[in-house]
Structure formats: C-alpha cells, structure tokens
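Novice: One line per chain: the protein sequences are V and W, in this order.
For the first sequence, our numbering gives the first residue as 1, with consecutive numbering after it.
For the second sequence, our numbering gives the first residue as 472, with consecutive numbering after it.
Keep in mind the hints are simulated off the structure, nothing from the lab.
Cβ atoms here follow ideal geometry from the backbone N, Cα and C, with glycine treated the same way.
A few of these clues could be false.
What the hints assert, rightly or not - Within a straight-line C-alpha distance of at most 20 Å, the following computed PhoX-like cross-link-like pairs (lysine-lysine) qualify:
1) K511(W) <-> K43(V)
2) K354(V) <-> K320(V)
3) K40(V) <-> K508(W)
4) K156(V) <-> K511(W)
5) K283(V) <-> K320(V)
6) K43(V) <-> K54(V)
7) K169(V) <-> K197(V)
8) K598(W) <-> K640(W)
9) K514(W) <-> K40(V)
10) K378(V) <-> K320(V)
11) K43(V) <-> K598(W)
12) K627(W) <-> K40(V)
13) K43(V) <-> K514(W)
14) K525(W) <-> K547(W)
15) K53(V) <-> K43(V)
16) K514(W) <-> K53(V)
17) K54(V) <-> K525(W)
18) K108(V) <-> K40(V)
19) K53(V) <-> K547(W)
20) K43(V) <-> K627(W)
21) K818(W) <-> K761(W)
22) K441(V) <-> K414(V)
23) K692(W) <-> K632(W)
24) K53(V) <-> K632(W)
25) K54(V) <-> K692(W)
26) K221(V) <-> K283(V)
27) K441(V) <-> K197(V)
28) K627(W) <-> K76(V)
29) K76(V) <-> K547(W)
Claimed, not checked - Covered stretches of chain V, as calculated for chain W (at least 3 residues, CB under 8 Å):
30) 44–55
31) 64–76
32) 89–97
33) 137–144
34) 295–307
Number of protein chains: 2
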Amino acid sequence: MNFDIDDLICSISTPPGVGAIAIVRISGNDSLMLLEKVFKPFKAILVSELQPKKAYYGQILDNDTLIDEVLVTYFKAPHSYTGDDIIEIACHGSQFIQRQILQLLIDKGCRTAKPGEFTMRAFINGKMDLTQAEAVGDLIHSRNSWSHKAALTQMKGSFSKRLMVLSDKLLHLISLVELELDFSEEDVEFADRGMLKTLLTETQTEVQQLYNSYSAGQVIKSGIPVAIVGQPNAGKSTLLNKILQEERAIVSEIAGTTRDTIEDTIVLDSIEFRFIDTAGLRKTGDTIEKMGIERSLDKVNRAWIVLFLFDSTSNIADVKHAFELVLTSSDTNQHIVAVANKVDLLKTDQRDSKIQEIADSIGIAPSDMVYISAKHEKNIPELVTKLVEHAKEMLPDEDSLIVYNTRQYELLMKILVALGDTLTALENQLTGDLLAFELRKVLTFMGELTGTVISPDMVLANIFKNFCVGK
Amino acid sequence: MNFDIDDLICSISTPPGVGAIAIVRISGNDSLMLLEKVFKPFKAILVSELQPKKAYYGQILDNDTLIDEVLVTYFKAPHSYTGDDIIEIACHGSQFIQRQILQLLIDKGCRTAKPGEFTMRAFINGKMDLTQAEAVGDLIHSRNSWSHKAALTQMKGSFSKRLMVLSDKLLHLISLVELELDFSEEDVEFADRGMLKTLLTETQTEVQQLYNSYSAGQVIKSGIPVAIVGQPNAGKSTLLNKILQEERAIVSEIAGTTRDTIEDTIVLDSIEFRFIDTAGLRKTGDTIEKMGIERSLDKVNRAWIVLFLFDSTSNIADVKHAFELVLTSSDTNQHIVAVANKVDLLKTDQRDSKIQEIADSIGIAPSDMVYISAKHEKNIPELVTKLVEHAKEMLPDEDSLIVYNTRQYELLMKILVALGDTLTALENQLTGDLLAFELRKVLTFMGELTGTVISPDMVLANIFKNFCVGK
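Using the sequences plus the hints, can you model the full thing?
Specialist: Structural data, given as structure tokens:
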C-alpha cells in the first residue's frame with residue numbers, strides 16, 4: 001500500500017468548498033513539533049505545553065506572514081482517532097486559506113494523507129478492526145437512515161463481535177482437534193465431533209444470514225427500485241417529475257430530503273428510492289416497440305415496488321392488457337400499486353362507475369388504488385406516503401445487522417464455502433489433520449474479515465494457554 | 472432585520488457536502504441547556520459541568536436513538552466568537568448526519584441561523600466593529616492572496632483604527648466648535664480654524680486614498696483583466712485553453728491554483744486573472760465584423776494586461792495593422808505583452824529575420840517578446856511567468872489598505888463630499904453652528920462605516936469630559 005506509518009500526514013477533513021469553518025488535521029507523533037513551527041497561541045503558552053483536548057486561539061504564521069487566526073486542539077496519543085498524536089486546526093473556511101495552511105504544513109515537513117489514511121492508522125494502531133474502519137467510510141457516505149444506522153452499528157463493532165464469538169468457539173475446537181494430532185497414535189478425540197457439528201451449523205446459519213442481508217444492503221444503499229409502468233401516455237414521466245418536485249416542495253433541506261445527482265434517486269422520509277421510468281406497455285406489431293416493452297417488463301422484474309399507472313379515461317381493455325403484462329413479469333414479493341391518473345378528466349357522474357370497471361378488470365379494489373392527476377399535481381403526497389409505507393414493510397428491521405460492503409460479502413461467501421467443506425469433512429469422518437486444515441480456512445477468512453490475522457501461531461498459543469497437558 | 476438576539480441559533484458551519492468531519496454550531500445563552508437534551512459524554516460528567524474550550528467525546532442521541540459519536544467543545548460567554556455561549560459539535564461529515572443533528576436541535580428548541588447571524592451577534596455584542604464583521608465575510612470568500620491579506624488586515628481592525636484616529640481628532644475639534652456656540656455672544660474661537668483645516672485636509676487625503684483603492688480592490692477580487700487580442704486565427708482561443716490547461720498541469724490543488732466556475736478565471740501564483748477572449752483584428756469592409764473589432768478594442772481598453780498574439784508566419788503588414796489598432800485603444804498604464812505564436816512553423820534559417828522584421832514593424836524588441844506554439848504547448852509556462860510578473864508590478868502593495876466593500880466605498884464617498892462641504896464652509900468663514908453641522912455629517916458617515924453610532928449626545932459627553940469650564 002506504500003503508506004509510511006511514521007510520516008506526519010495532514011489533510012482538510014471538512015467537505016471541500018467554502019464555509020465558515022474548515023478543519024485541517026495533522027496526525028503523527030511529531031505533530032506538536034510541526035505545530036510549533038506554524039502556530040502562535042494568543043495565550044502565553046508554549047506549543048509544546050498545550051494541554052490535550054483543549055482548544056487554543058492563535059495565529060497560523062508562515063514565518064512572519066499571518067495566514068489565519070485559528071482554533072487549535074491537540075489530541076495526545078493514544079487518546080486520538082488514529083491513536084497517534086493529532087492536531088486539529090479549525091480555520092476560516094475559505095478555500096484559499098485551507099490550501100495555504102496545507103501548503104505551509106507540507107513545506108514544514110508534512111505530507112498529504114492518502115484517502116482513508118487516518119482511519120488506516122486507527123486500524124494499524126488497534127483503535128478499531130477492519131469492519132469498524134469500513135463502517136467509518138460507510139457512515140460518512142450514508143444518505144438515508146438505514147445505511148446510517150447500519151454503519152453506526154458496525155462502527156461500534158457489533159458485526160465483528162458477532163463473528164468473534166463464533167470464531168472464538170471455533171478456535172477452541174480447532175485447538176482440541178490439533179491437540180489430537182499430538183496424540184495421533186493414541187487415537188483419542190478431544191474435540192467432540194457432535195459439538196463441532198452443532199457449532200459449525202450454528203455458524204453457517206449466522207453467516208448465511210449476514211450473507212443474505214447483502215442484497216437488501218445494496219438496495220438500501222442505492223435506493224429501493226420503483227418501476228413506473230403503464231400504457232403509453234398514461235403520464236409516467238409527468239408523474240416522475242411531480243414526485244421529484246413534490247419531494248422538493250414538501251420537505252425542506254433540513255428535513256432530510258435530498259435529490260441526488262444520480263437522476264431519479266430521492267430520499268423520502270429517510271428512505272432512498274430509485275425511480276425507473278419505462279416505455280409504455282401496449283399491444284403492438286412493431287418489432288422495435290416490442291423490444292422496448294420487453295425491456296420495461298425486465299425492469300418490472302427487478303423492482304421492489306411497481307407503480308402501475310393507468311389513464312382513467314382510456315379504454316378498459318388497454319388497461320387490462322398492460323396490467324396483465326406487468327403481472328407476467330412480477331412476483332409475489334413485489335408490491336404493485338395501482339395508480340389512476342387523469343381522474344379529473346372523468347365526468348363526475350361517470351367517475352365511480354369507470355373506476356369500478358377498471359378495478360374489476362384488473363382485480364384490484366378501488367379502495368386500494370391511488371387517484372391522482374399528475375399534470376395538476378393532485379394527490380402526489382398521498383402516493384408518496386403509500387410508497388414509504390410499502391418500503392417500510394419490505395425493508396429489514398433497522399436494528400438488524402446488514403452487510404453493505406463487497407469485501408465483507410465476498411469473505412462471507414468464502415467462509416460459507418469453507419464451512420461447507422468442513423462439514424463435509426466431518427460427515428466423511430476425515431482425520432483430525434484434514435479437519436483442522438478445513439477449520440483453519442474458516443478461521444482465516446473470518447480473521448481477514450475483521451482484520452485480525454489468525455496465524456497457526458495463535459492457534460498453538462491457544463492450545464498451550466488453555467490446555468497445557470504438561471507434556 | 473428581524474433577528475431575535477435572544478434565540479438559540481444553530482447551523483452547519485463547515486462547507487456543504489460530504490467530508491470526514493462537519494461542524495454544527497449553536498450560539499445563545501441557553502446553549503448548554505439545549506446540549507444537555509441531546510449529548511451524552513463518554514466521560515462521567517454532567518453536560519452542565521463541561522469545562523469551556525475543552526473537547527469531549529460522546530454521543531448525540533435523539534431520546535435513545537444514536538445519531539452519531541461526536542466531539543463537543545463549549546465556549547463560554549463572553550469568550551466565544553459571538554460573545555454568547557457557543558457549542559461546537561464536530562460530527563462525522565455525512566450529509567445525512569449533519570441534517571439529523573440540525574433537525575434534532577431544531578426539535579429541541581433551536582432555530583437555524585440566518586446567513587451571517589453569528590457574526591452579526593459578534594458585532595452586537597461588541598466583539599468586532601462593522602468593518603471587521605464585513606472582513607470575516609471577505610476572508611471566507613477570498614480566493615487569492617491579495618484579497619486574503621486585505622480581509623485579514625481589516626479583520627484585525629486596521630481599517631477602523633485608521634478611521635478612528637481621524638474621527639477622534641475631528642470629534643475633539645467639533646467639541647470645541649460646539650463649545651463656541653455656548654459662548655456665542657462673546658465671539659470666542661476655541662477651535663483653531665487653521666488646525667481644523669489641516670486636519671480636514673489630512674483626513675481628506677487619507678479617505679481619498681482609501682476611496683481610490685476600491686477600483687484595485689474590485690480587480691483583485693474579480694481577477695486582473697487580461698485581454699488576448701490579435702489577428703483572426705492567430706491562435707487566441709487555443710492559447711487561452713492551453714493557459715487554463717497549463718495551470719492545471721503545472722500546479723496541483725495544494726499549490727493554490729484553482730479554476731473557477733466562472734469561465735476563464737484562474738489563480739496563478741496566488742493572483743487571480745480574468746482572461747478575455749476577443750474577436751480577431753484585421754482590415755475589413757464588413758459592417759458586422761467592424762462592430763466585432765470595436766468590441767474587441769473596447770475590451771483592450773478595460774484590460775490591465777494585453778496579450779498581443781500574432782501568427783509568426785503571417786504577413787507583416789497584417790501584424791502591424793492589428794498592433795496599431797491595439798495601440799489606439801490602450802493607454803500607458805497597461806502592460807502589452809507581444810506573443811509570437813506558431814514559431815515552430817517558421818523555417819529555422821528564416822526564423823530570426825522574420826521575427827526581427829515584425830519586431831521592427833511594431834516597435835517591440837525581439838528579446839521582449841514571448842515565443843510560443845499554442846498548439847504544441849511550447850513555452851506556455853514562460854508566458855504565465857511573464858503574466859505574473861506584470862501583475863505583481865501593477866498590483867498595490869500587499870500590505871496596503873484596500874477597500875473591497877461597496878458599502879464602505881459608498882460611505883467613503885459620502886465622507887469625501889461632507890469633508891468638501893466642511894472645507895467650503897470653513898473657507899467661507901461660516902458661523903460655528905453651520906460648521907458644526909457639516910462636521911457632524913463627516914462624523915456620522917465615519918460612524919456608519921465602523922458601525923459605532925456617533926450621536927450628538929456623544930459629542931456633548933466629550934465636551935463635558937474634556938472641557939468642563941465650570942459653567
């Protein structure tokens with residue numbers, strides 16, 4: 001990785017851009033010596049005597065040239081984020097000042113930190129394990145309450161703790177299995193094979209759960225896929241635009257609603273949705289149009305929620321045909337929301353009967369439909385509420401452990417394979433050395449997951465610690 | 472202005488966006504009580520007992536729901552930026568977390584701060600005067616070393632101090648003039664009219680200097696205007712693109728070089744340049760093209776530096792004609808840089824003689840020209856160096872007091888007018904009451920500039936303080 005952990009590193013830790021305040025952070029064990037060269041506290045105190053965790057006003061000076069008046073806080077190792085000495089310089093948030101300070105620090109012997117290098121140091125210094133370090137990154141990039149919660153849970157080490165409990169139990173059993181090797185001539189079995197099987201199965205179940213959570217994790221991270229389908233000209237694009245507008249109108253910046261730069265992704269009530277606009281569904285002989293319809297149906301297939309939009313004024317057979325196409329591509333796990341558009345165009349005295357006819361033809365009760373006018377922005381908030389309700393039903397519990405990270409996902413897969421191999425070895429009553437070999441693979445992958453390196457030495461150390469038989 | 476200064480206010484003080492750290496700031500005298508509702512330190516300490524200026528790790532909780540693990544620093548009034556109690560919450564820099572914390576604070580009784588409201592409170596609480604408050608805003612938006620320096624100087628109150636010295640002297644004299652009014656029947660002159668005239672003239676000179684600095688201030692703020700002019704197809708647009716590219720290539724993000732979103736504005740060596748591309752200059756009978764050429768020449772007129780670009784392979788008469796057009800529109804204050812483009816297309820043995828001929832025709836020595844190939848990016852750094860050299864010659868001294876602010880500029884103008892009126896009144900030997908009236912106008916505008924309200928009461932108070940004659 002080519003990181004030198006003894007280097008003094010610095011970076012701007014606040015978001016890029018202009019603000020009232022920006023923070024420049026220095027980490028490394030000569031931090032105070034570096035600070036001494038650039039900082040003059042207003043109080044009569046030597047930089048070398050700054051009290052940890054205390055904020056000091058003063059000047060950042062390049063020789064005699066004033067760069068800025070700042071607030072400096074010193075965090076003494078090991079009581080800092082990285083575990084090394086850390087200096088935080090809170091300066092005025094002009095980009096010019098931020099750069100000047102960084103440049104000055106570089107001139108005085110610091111180097112700019114690589115992405116994630118502060119957290120990497122925290123990991124190296126044992127302040128956190130790998131999954132916690134990864135959670136820091138996830139936390140910073142969380143855009144909705146689910147991913148935020150998951151990152152916080154993982155940052156607190158819940159994920160590792162759960163794995164560690166399992167891995168400690170396995171380590172205990174592997175120790176016993178390996179101990180048998182020393183007594184191979186005596187044909188003893190220190191490790192209860194039944195207990196081992198139970199533990200392996202238990203582990204398999206837990207790991208499988210974590211492994212399975214990844215698909216939900218991905219959806220939570222990138223947004224719940226919502227396909228808007230229906231006949232041509234049912235008003236799909238208009239509706240999409242109005243939902244995006246609505247979102248802007250009903251909830252302020254503060255209330256947690258954001259329109260992402262990725263087109264058509266929005267956060268509504270802390271849940272991220274990814275809207276997928278599709279081509280209109282209708283009977284057609286045109287080959288190109290047929291391909292478009294197939295693509296639309298494929299999108300239906302991948303959506304969690306399907307908004308079936310129909311034009312209330314249109315021919316009932318057309319609505320029915322479009323809906324049947326949707327049904328062929330959806331499954332029972334999906335929520336289908338029937339949305340009647342252009343209801344304002346129906347004559348008042350005909351409205352109920354027309355809706356009832358459509359309802360009968362597609363088999364959805366009128367009371368389960370949402371009635372809107374996309375064009376005149378009628379009832380959009382009601383539709384949004386419905387979306388959020390469905391999403392909450394489908395999402396895993398906010399407190400459950402969810403895997404978002406691809407590295408972790410891949411290691412979980414490796415652990416599952418290794419667990420399967422071990423169970424097979426156990427069933428085939430393979431010898432202790434082969435069993436130990438398979439078990440070690442499981443532990444290695446678990447160790448990789450949390451970043452602890454489980455070496456054979458550790459396994460040995462564990463034997464002697466717990467099971468010194470005096471030999 | 473509808474700011475309630477007793478409200479608890481909060482805002483995100485770091486730049487908008489995602490970063491490692493963000494800071495949420497609370498100001499108001501119930502800050503600690505608010506913090507108590509949302510913050511739980513890891514250390515066993517009550518929030519009400521937090522030591523000022525000390526950083527505490529802990530959790531931001533919405534009832535029992537963890538929002539983030541943060542670092543909190545409390546600044547006790549009056550030793551804070553605003554002069555009220557301030558709480559700084561350094562949280563993880565996800566936008567979601569930033570918003571959640573802000574929302575939580577609002578739910579607990581805070582309101583979001585209006586732009587500049589923290590600084591306004593600092594002014595109201597007497598932590599700084601108006602020009603200093605304005606300087607804070609300027610500092611945050613400074614993009615180059617000149618505006619940065621000017622803002623820092625003004626933030627330290629240099630501007631106000633200079634005005635205050637003058638205004639104190641004037642106040643002394645006005646007191647004397649007003650004292651005369653009490654003795655009007657006795658025809659005494661406490662205020663020496665000669666001294667008054669000297670002081671007024673001195674003030675006039677200083678205010679005039681500040682007033683004059685505004686145009687330089689504007690240029691420093693928005694970039695030194697550089698017009699790129701020359702014949703059609705001399706390579707003006709290519710050169711402009713290469714300079715902008717060069718800037719990106721030769722200096723990293725750290726080194727202080729930025730490409731602004733405003734097209735064609737860049738910072739080179741801490742100086743901001745604003746490049747102005749122009750239409751080609753040549754002899755033409757076409758009315759439309761003539762208008763284009765006139766516009767180009769008008770831009771030449773407003774530029775500080777003129778890059779006269781010519782195609783080395785072209786007809787000497789054409790180069791001469793274009794250059795003469797430039798000369799007619801430029802003045803002696805401008806720097807004209809002759810840039811020979813496409814020198815690589817000249818045959819080696821003919822290069823020197825061709826350049827000499829052009830040099831003779833436009834009256835610029837070959838050694839004063841810059842030779843480039845815009846297309847092949849030859850010698851662009853040399854041209855940039857030349858630009859920076861010229862700019863440094865033309866810019867005011869970095870240490871000089873420069874006015875950037877329009878409000879200040881307008882008040883300086885009012886002061887100048889009032890000073891002129893006072894001097895006229897003095898020359899016309901107007902009576903003390905009329906003279907005092909004019910002088911008061913000068914002081915009022917000075918007071919408006921620094922934000923101190925100089926009321927007639929103050930003038931009176933000054934009389935009694937210094938000149939109590941026992942009456």
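Novice: If a hint holds in the structure, say so; if it doesn't, say that too.
Specialist: Results for each hint:
Taken as a hint, the K511(W) and K43(V) pair is broken in the structure, with Cα atoms around 30 Å apart against an allowance of 20 Å. A threshold of 20 Å between alpha carbons decides the hint, and for K354(V) with K320(V) the separation of about 13 Å falls inside it, so the pair holds. With a C-alpha separation of about 36 Å, the suggested pair K40(V) and K508(W) falls outside the 20 Å cut-off, and the hint is violated. The straight-line distance between the Cα atoms of K156(V) and K511(W) is roughly 16 Å, inside the 20 Å bound, and the hint therefore holds.
At most 20 Å may separate the alpha-carbon atoms for a hinted pair to count; K283(V) and K320(V) meet this at roughly 11 Å. Restraint check for K43(V) and K54(V): satisfied, since their Cα atoms lie roughly 13 Å apart, inside the 20 Å limit. Distance restraint check for K169(V) and K197(V): the Cα-Cα separation of roughly 12 Å lies within the 20 Å cut-off, and the hinted pair is therefore satisfied. With a CA separation close to 24 Å, the supplied pair K598(W) and K640(W) exceeds the 20 Å bound.
For a cut-off of 20 Å, the pair hint linking K514(W) to K40(V) is broken: about 30 Å separates their Cα positions. For the suggested pair K378(V) and K320(V), the alpha carbons sit about 24 Å apart, so the restraint of at most 20 Å is broken. Proposed proximity of K43(V) and K598(W) is supported: the alpha carbons are some 18 Å apart, at most 20 Å. A C-alpha spacing of about 16 Å is found between K627(W) and K40(V), which places the hinted pair at or below 20 Å, so the restraint holds.
For the given pair, K43(V) sits about 27 Å from K514(W) by alpha-carbon distance, which is inconsistent with the 20 Å threshold. Only pairs whose Cα atoms come within 20 Å are accepted, and K525(W) paired with K547(W) is accepted, the gap being roughly 11 Å. Between the alpha carbons of K53(V) and K43(V) the distance comes to roughly 16 Å, so the proposed pair stays at or under 20 Å and holds. A threshold of 20 Å between alpha carbons decides the hint, and for K514(W) with K53(V) the separation of about 13 Å falls inside it, so the pair holds.
As the CA atoms of K54(V) and K525(W) are separated by approximately 4 Å, the hinted pair is consistent with the 20 Å bound. Between the alpha carbons of K108(V) and K40(V) the distance comes to roughly 15 Å, so the proposed pair stays at or under 20 Å and holds. With a CA separation close to 16 Å, the supplied pair K53(V) and K547(W) stays within the 20 Å bound. Distance restraint check for K43(V) and K627(W): the Cα-Cα separation of roughly 17 Å lies within the 20 Å cut-off, and the hinted pair is therefore satisfied.
Taking the CA atoms of K818(W) and K761(W), the gap is about 34 Å. The hint is violated against a cut of 20 Å. A C-alpha spacing of about 9 Å is found between K441(V) and K414(V), which places the hinted pair at or below 20 Å, so the restraint holds. This hinted pair does not check out: K692(W) and K632(W) have alpha carbons roughly 23 Å apart, beyond 20 Å. At most 20 Å may separate the alpha-carbon atoms for a hinted pair to count; K53(V) and K632(W) exceed this at roughly 36 Å.
Annotation: proposed proximity of K54(V) to K692(W) is violated, straight-line Cα distance about 36 Å (limit 20 Å). For a cut-off of 20 Å, the pair hint linking K221(V) to K283(V) is broken: about 36 Å separates their Cα positions. Of the supplied pair hints, the one linking K441(V) and K197(V) holds, its CA atoms being roughly 16 Å apart against a limit of 20 Å. For a cut-off of 20 Å, the pair hint linking K627(W) to K76(V) is broken: about 32 Å separates their Cα positions.
A hinted pair counts as satisfied when its Cα atoms are at most 20 Å apart, and K76(V) with K547(W) does not qualify at roughly 24 Å. Only when three residues or more bring their CB closer than 8 Å to a CB of chain W does the claim for the region 44–55 of chain V stand; here the count is 3, and the claim holds. Under the rule that three or more residues need a Cβ within less than 8 Å of chain W, the assignment of the region 64–76 of chain V holds, with 5 such residues. With a cut-off of 8 Å between beta carbons, the region 89–97 of chain V has 7 residues touching chain W; three or more are needed, and the interface restraint holds.
Here the region 137–144 of chain V counts 6 residues with a CB under 8 Å from a CB of chain W, which clears the bar of 3, and the coverage holds. Evaluation of the coverage hint for the region 295–307 of chain V: breached, as 0 residues show C-beta separations to chain W shorter than 8 Å, against a requirement of three.
When the structure is compared with the earlier hints, violations turn up for hints 1, 3, 8, 9, 10, 13, 21, 23, 24, 25, 26, 28, 29, 34 and for no others.
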